[in-house]
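Could you build the full structure based on these sequences and the hints that come with them?
Residue numbers (my numbering), protein chains in the order written: chain A, 1 to 501; chain B, 502 to 974.
Accuracy of the hints is not assured; some may be wrong.
[To be verified] DSSO-like, lysine-lysine: derived pairs with alpha carbons at most 27 angstroms apart: (1) A/K48 x A/K38; (2) A/K323 x A/K87; (3) A/K389 x B/K639; (4) B/K818 x B/K833; (5) B/K639 x A/K108; (6) B/K847 x B/K581; (7) B/K798 x A/K62; (8) A/K87 x B/K634; (9) B/K581 x A/K108; (10) A/K281 x B/K634; (11) B/K841 x A/K323; (12) B/K639 x A/K323.
[Said to hold, decoys possible] Derived list of chain A stretches under chain B, where covered just means 3 residues or more per stretch with a C-beta under 8 angstroms from a C-beta of chain B: (13) 117 to 124; (14) 384 to 398.
[To be verified] FRET-style restraints, in silico, Cβ to Cβ: (15) A/I191 x B/R855: 29 to 35 angstroms; (16) B/Q546 x A/L349: 53 to 59 angstroms; (17) B/T724 x A/P375: 47 to 53 angstroms; (18) B/R544 x A/T420: 31 to 37 angstroms; (19) A/R289 x B/Y848: 43 to 49 angstroms; (20) A/R289 x B/R544: 38 to 44 angstroms; (21) B/R675 x A/T194: 54 to 60 angstroms; (22) B/R544 x A/I191: 46 to 52 angstroms; (23) B/Y848 x A/L383: 34 to 40 angstroms.
Calculated directly from the structure, the hints in this document are not laboratory data. Cβ coordinates follow ideal geometry from the N, Cα and C atoms, glycine included.
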Amino acid sequence: MMTLIRRELLDNLMTFRFAVAVFIIFLLVVANTAVLIKDHERRLAGHKTEVQKSRNYMSEGKTYSVIELHVDRPPNPLSIFNTGLDKRLGNEIWVYYGHIPTLWDAEKHSSQNPFMNILSSIDIVFIFQGVLSLLALIFAYDTLAGEYERGTLRLVLTHSVSRGHILLAKYISAMVCLLVPTLMSLILALILLTTSPSFSLSMQDFLRIGGIMVASIAYLSVFYLIGMLISSMTRRTSTALMLSMFVWGFLVLVYPNMIVAVIQPSNPPEERKASAHNHIKQIWEAFERERKHYLTTDTHLEGDPYGNLPWRDGYNFEHFQDKVSVLQYYYHAGAEIDGFREARESQVLHVQDYHRFLVPLIIDAAEHTWRVRKPVLEELFVLPATIDKIWLRLSPTGIYDIATQALAGTDLNGIQDFFTAVQQYRQSVIDYYYDKKVFASREWFSFDKAAVDWRTLPQFSFQRSDISINVKRALPDLFLLLMINIVLFIGIFLVFVRREV
Amino acid sequence: MWHIAKREIYDNLNSLRFALTTVLLLALMVTNAVKHLREHPKRVQRYQDAVTESLNHLTDRADDSLYTLAQYGPGNFYKKPSPLHFCANGGESLLPDAVEVGEPPVFMTDAEGNRLLEGIWSLSYPDANLHNKNVGPKVSQVDWAFIIGYILSLIALWFTFDAFSGEREHGTLRLMLANSIPRHTVLIGKFFGALLSISIPFALAVLVNLLLISTANTVHLTTEAWGRLGIIFCLALLYTSLFVALGLLVSARVQQSAVSLMILLLTWVTLVVFMPSTLASIASSFSPATSFEEFWKQRHPIKEDLWEIYREGRSSKSEDRRLRAKSEFYTKNAERDERKHEERLKYRSAQVHRARAITGISPATLLQHLMEGFAGTGFERHLQFVENTQRYTRQLREFVADTDRADPESLHILGVREGMSEKPISPEAVPRFEDTLNLSKDFNTAAMELLLLTLFVLVLLSGAYLAFVRVEV
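Following this line, the structure appears as C-alpha cells:
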C-alpha cells in the first residue's frame, strides 16, 4: 500500500501540471488577497467616517423627536474569503422609534460609489471554486484511463494488490499533491492578513477560516473523484479529458447560472405585496383617526399641536413615509422649537400631554405593522432566495459557496444577525425613553429650557455570531459535500472492480 | 486551404465535442429566450406605467397654468428598456432607471403652514436602483454576453487545443506537411475550419433563440434592433477567433495535447474569469473612500450668498425689483442644486470610467462592454439617457420662457407666481420627452474597444503563425 502511494506521489510531483498548479494558485491567491486587503481597508475607512459623521449629527440634534439614530454596519473581515451578501446589501440604517428596521430598509452609505457595484467582485472562495475544481480534474482525468492506455494498469494488477487499494493509493497521493499548493496559498493569504494593520482576527475567526479550509478540501476531493469516475469509465485519455472539461464547464459555469434563470417564483408576489400594503395602511389610518380625535377633543390644541404655540424660531414636520417596494409605511414627525413667547406655559403642558399620548400609540402601531410586514417580507425576499439555494445545491460549487458563506458569516443569516441587533437596540432605546419619561418631557420637541444630553443614551454594539452558530449553519452543507464524496468513491470502486483490464 | 478547412469541419462534425457543444449552446440560448420572454413584457409594462404617470403630471400642470408647469416641472423621466436586453444585461438591475424631477423646495412657511417662499423644480440623479433588494445567491445573468464571453470562448479552446499537437501525436502533421502546402495555408485552413465548426452550433443556437423571441407577440424587434443583432453576431465571431488563435498558438508550441489543454484552460481562467474581477478590485481601490460631500464642500465653501441676493431684493420698494430678486433666488437655487447633482454624477461616473478603462485589458471585459454598447444597456447607455433628459430639460425651459413671452399680461419674471403667465396651456403644445438610442453614436463610443479587440486577434494570429512556422515537426 505504502509503495503504491509513494509511486503515485512521485509520479504526480514530478509532472509539469504540478508545477503549473502551484504557480497558478499562488499567483491568483496572493495577488487577489493583496487587492482584497486594500479593498477591505477602504471599506473600513468608509465605515469609520460614517460612524464619525453620525456622532457629529447626534451632537447637532437638540430635541429627542427630530433625531433618528444612525447605525452603520461594519464590513466583515472574513468577507475576503467569501463576500456573499456583505458588500451587496445596505449598510446604513436609521433607527426611529416608530418603525422596526429591517435589512430591506437599509441603504448604502455615501462614502461608497454605488455605480462601482456593476463591476464584478472577487473573493478567495471564488478563485478556489474555479481553479481548484479545474486542477482536480486535470490531475484526475488520466489516473486510470492513462494507465490503461499505456498498459501499466494490467501490469500493476498482476501483482497481488487489491483494486480497492490501488484506488485508495491514487486518491490519497493526488489529494496530497493538490493540497500542498492549496494549503500553502491559504497560509500565505493568512500571513498577509495578519500582517495588515487593519485586520484584527480573533481566535474564532481563525477557527472559521479553518472551517473554510475543510470545506475547500472536501470540494477539491469531490472534483477529484468526479474526474476519477470519468477516468474509470473511459478507455482513452483524450475522451476522459474532453468529458472532464465538459463536466467542469457544466457544473461550475453553466448550471449555477442557468438554474437561477430557469426557476420561476411560484406565486405572484405583487398581489401579496399590495394586500399587505393596504393592511399596513389601514393600521396607520386607524392611528391617524385616533390622533385626530385626540387633537379635536383637547380644546387647547385645536387640531394642531404646535399651531397655537407662538414660537420664535425652529421647525416641525410630519408626514407618512411610504415606500411600497419594501412595504415601508409609517408616521414620521418631529419638532425642534427654540423658545416660546411668555405666558404660554399652560399651552406647552398640553403639547407635552399630547406627546405622552401619541408616542406610545406610534410604537404600538409600529409593532402591529411589523406583525403584518415580517411574514410578507420573508415571503417576498427570503423564500425565493431559499428556493434558489436549494436548486444551487445540486452542483458541488453551489454547496461549497453556501457552506463557506455560512462559515464566514456573510450569508443572509449573518446579515440578519446584525439587523436583529439593530432591532434590539431600538427596543432598548425605547425602554430608555420610557424609563426617563422622555415622551412627556419638554425636551421632546423644544430646547428652550435644556438641550438633550445624548451621553446617557444606550450605545449600539454588535458582535458577530458565535462560531458554534456559524458551524451549525454550515454543517448540513458540509455533510452534503462529504456524502457526495463517499457516494462518488463507492461509485468509482464499483465501476473499477467490474472493469476488464 | 479550403480543402484543409473542409477536412477540419468534417472531422469536427462527427466528434463528441461537437454534439456536446450543440446541446450546451442550445440549452443556454433557450433558457435565455424563455427568461427574456417571461421578464421583458413586465419590464416594458412597468416602464409604460411609469411614463403614463409622469405624462399625467405634465398634462395636469400644463392644464393648470404655465406657472405651475414652470414651478413643478414635468414628471420623472424613465429609462426605456432595451429590446435587446437579452444580449447583455449590463448590470441594469444595479443601475437607476429614472432621473427624478425634484419637488420644489419650501424655504419658509408661516405658522399656519402656508408656503411663503417656494422654489422651482430641479433634476436629480438617483445613485442606484433602490428597488433592488434581492437577497438571493449571486449569479451571472444568462445573457448573450455570458454565453459568448464565457462559454463560447471555452468552446473555442476546446476545439483547437489539439489542432497541431493532436496531429503531431498521431503523426498526421508530418504527413500533411510532406505535401507541397505552405505552412501558413495549413494554419489559416485550421483557423477557419475551427471557427466555422464553432459557428455552426452557435448560429444554430442563436437562430433558435431569435426564433423564439421574434415569434412571441409580446416582444417586438425593430429593423434597427436586427442590425444591432447582426453587429453583435459579428462581435461574437471576432471574439471567438481570438480564442481560436490562442488555441492554435499554444497547440503549435506544445508537444502533447493534454499539456496544451491544461495551459489553455489555465490561461482562459485567468483571462476570462479572474482578470476582470481582479482588475476591477484594483481599479476601485484607486477611487478613495472620501465621499462626494467633502469633495463638494472643498470646491464650494460658501452657500450664504444666495440669501443675500434675496434679502437685498426684499427690502427694495419697487414691486418689480422684489419679484425679480425672488425669481433670481429661485432659479439660482435650482441651478445650484442641479449643478451639485450633476457634478456628483460626473464625479462618480469618472471613477467608473477609470475602472472600466483598466478592466478593458481583459478581452472578456472588452466584449462585455461592446455587447452592452450595442445592446443599448449598461453604464454608457445610462449616461446617454441622462444626457437625453438634460437636453429635454433645456428644451422645456426654453418652451416655458417662449410661451411666457407670448403672453402680453405676464411680467416675464420666471419662477414667481405674480410675475408669470397664469393661463393654462394646451398639453399637446408642450414638448414630450423621448428616450432615444443612436446607433452611430454607440458605434463611436465602441470604436476604440472594437479596435483593441481586433488588435488582440491580430497579435495572437501572427503569434500563432510565427510559432507554427518555426516549429519542428
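The hints, checked one at a time:
Among the hinted pairs, A/K48 with A/K38 is consistent with the structure: their alpha-carbon atoms are about 15 angstroms apart, no more than 27 angstroms. Pair hint A/K323 plus A/K87 holds up; C-alpha atoms about 23 angstroms apart against a cutoff of 27 angstroms. For a cut-off of 27 angstroms, the pair hint linking A/K389 to B/K639 stands: about 10 angstroms separates their Cα positions. A threshold of 27 angstroms between alpha carbons decides the hint, and for B/K818 with B/K833 the separation of about 22 angstroms falls inside it, so the pair holds.
Between the alpha carbons of B/K639 and A/K108 the distance comes to roughly 18 angstroms, so the proposed pair stays at or under 27 angstroms and holds. With a C-alpha separation of about 22 angstroms, the suggested pair B/K847 and B/K581 falls inside the 27 angstroms cut-off, and the hint holds. Among the hinted pairs, B/K798 with A/K62 is consistent with the structure: their alpha-carbon atoms are about 24 angstroms apart, no more than 27 angstroms. Taking the CA atoms of A/K87 and B/K634, the gap is near 13 angstroms; set against the 27 angstroms cutoff, the hint holds.
Taking the CA atoms of B/K581 and A/K108, the gap is about 25 angstroms. The hint holds against a cut of 27 angstroms. This hinted pair checks out: A/K281 and B/K634 have alpha carbons roughly 22 angstroms apart, not beyond 27 angstroms. This hinted pair checks out: B/K841 and A/K323 have alpha carbons roughly 26 angstroms apart, not beyond 27 angstroms. Under the criterion of a C-alpha separation no larger than 27 angstroms, the hint pairing B/K639 with A/K323 is consistent with the structure, at around 25 angstroms.
Closer than 8 angstroms: that is the beta-carbon criterion, and the segment 117 to 124 of chain A has 6 residues meeting it against chain B, so the requirement of 3 holds. Three residues within the 8 angstroms Cβ limit are the bar, and the segment 384 to 398 of chain A against chain B gives 6, so the coverage statement holds. The hinted range of 29 to 35 angstroms is satisfied by A/I191 and B/R855, whose Cβ atoms lie roughly 31 angstroms apart. Judged by the Cβ atoms, the range 53 to 59 angstroms given for B/Q546 and A/L349 holds: they are separated by roughly 55 angstroms.
A hinted range of 47 to 53 angstroms holds for the C-beta pair B/T724 and A/P375, which are about 49 angstroms apart. Checked against the given bound of 31 to 37 angstroms, the beta carbons of B/R544 and A/T420, roughly 35 angstroms apart, stay inside it. Look at A/R289 against B/Y848: about 47 angstroms separates their beta carbons, and that is inside 43 to 49 angstroms. Separated by about 39 angstroms at the C-beta atoms, A/R289 and B/R544 satisfy the suggested range of 38 to 44 angstroms.
The supplied range of 54 to 60 angstroms is met by B/R675 and A/T194, whose beta-carbon atoms lie about 56 angstroms from each other. Distance hint check: the CB atoms of B/R544 and A/I191 are about 48 angstroms apart, consistent with the given range 46 to 52 angstroms. At about 39 angstroms, the CB distance of B/Y848 to A/L383 agrees with the hint of 34 to 40 angstroms.
Hint compliance for this structure: every hint is met.
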